[in-house]
Amino acid sequence: NAGVTQTPKFQVLKTGQSMTLQCAQDMNHEYMSWYRQDPGMGLRLIHYSVGAGITDQGEVPNGYNVSRSTTEDFPLRLLSAAPSQTSVYFCASRLQDSYGYTFGSGTRLTVV
Amino acid sequence: ELKVEQNPLFLSMQEGKNYTIYCNYSTTSDRLYWYRQDPGKSLESLFVLLSNGAVKQEGRLMASLDTKARLSTLHITAAVHDLSATYFCAVAGLNYGGSQGNLIFGKGTKLSVKP
Chain Y
45 NAGVTQTPKF
55 QVLKTGQSMT
65 LQCAQDMNHE
75 YMSWYRQDPG
85 MGLRLIHYSV
95 GAGITDQGEV
105 PNGYNVSRST
115 TEDFPLRLLS
125 AAPSQTSVYF
135 CASRLQDSYG
145 YTFGSGTRLT
155 VV
Chain A
546 ELKVEQNPLF
556 LSMQEGKNYT
566 IYCNYSTTSD
576 RLYWYRQDPG
586 KSLESLFVLL
596 SNGAVKQEGR
606 LMASLDTKAR
616 LSTLHITAAV
626 HDLSATYFCA
636 VAGLNYGGSQ
646 GNLIFGKGTK
656 LSVKP
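Protein chains in written order, with the working numbering: chain Y, 45 to 156; chain A, 546 to 660.
Be careful, since some hints might not be right.
[Said to hold, decoys possible] Okay, derived cross-link-like pairs now, EDC-like style, lysine to aspartate or glutamate, Cα gap no bigger than 16 Å in a straight line: (1) A/K655 x Y/D82; (2) A/K655 x A/D583; (3) A/K652 x Y/D82.
Just so you know, the hints here were simulated from the structure itself, not pulled from any lab data.
Input sequences plus hints: build the corresponding full structure.
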């Protein structure tokens, strides 16, 4: 039982490049979400999913795409990276009718 | 729209002293969470408070919830250096489904405990 696994842990991108941040969980959690953390801002919700095939926007979705083709995986795509997307990204999951959230270890992304 | 405010945002304490971090939220909720984050690390769950009047304690930390006042407190007793970290409160909506299952975070309180 690995919990929530995020890859990569660190990434440097050039402006305009695209990439996918991976998030996988092996706990059969229906709910998954992506947050970004910036200094002094707390964690802000980017996108979330309540099950395979269902996704929705959070507070700061612009510049990010998601899909949920399986229960286990919830990748976050940056189509054209911008310096404003420099941040630490956390993935979290939860069993639908429970209250405990499991967080991944984070991906530190720098866009230059 | 659910909003969460924490104060103070920065807290410098001396070892052995007591202090309280406050978390206010704007709409009705039945779940409040406290997390700890060390620099460069992920979030560590401290407490989940599920009902009005709930009180939970772990070591030198005690959390409480007043749903009528929409207020939670994290009380630190006799602080030690090891408690230095950033503490976040987060609130979720009234039911577990859809957007109300999302956690909304406060901006965090950076605690520094000095000898």
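For each hint given before, does the structure comply? Return the numbers of the non-compliant ones in rising order. none
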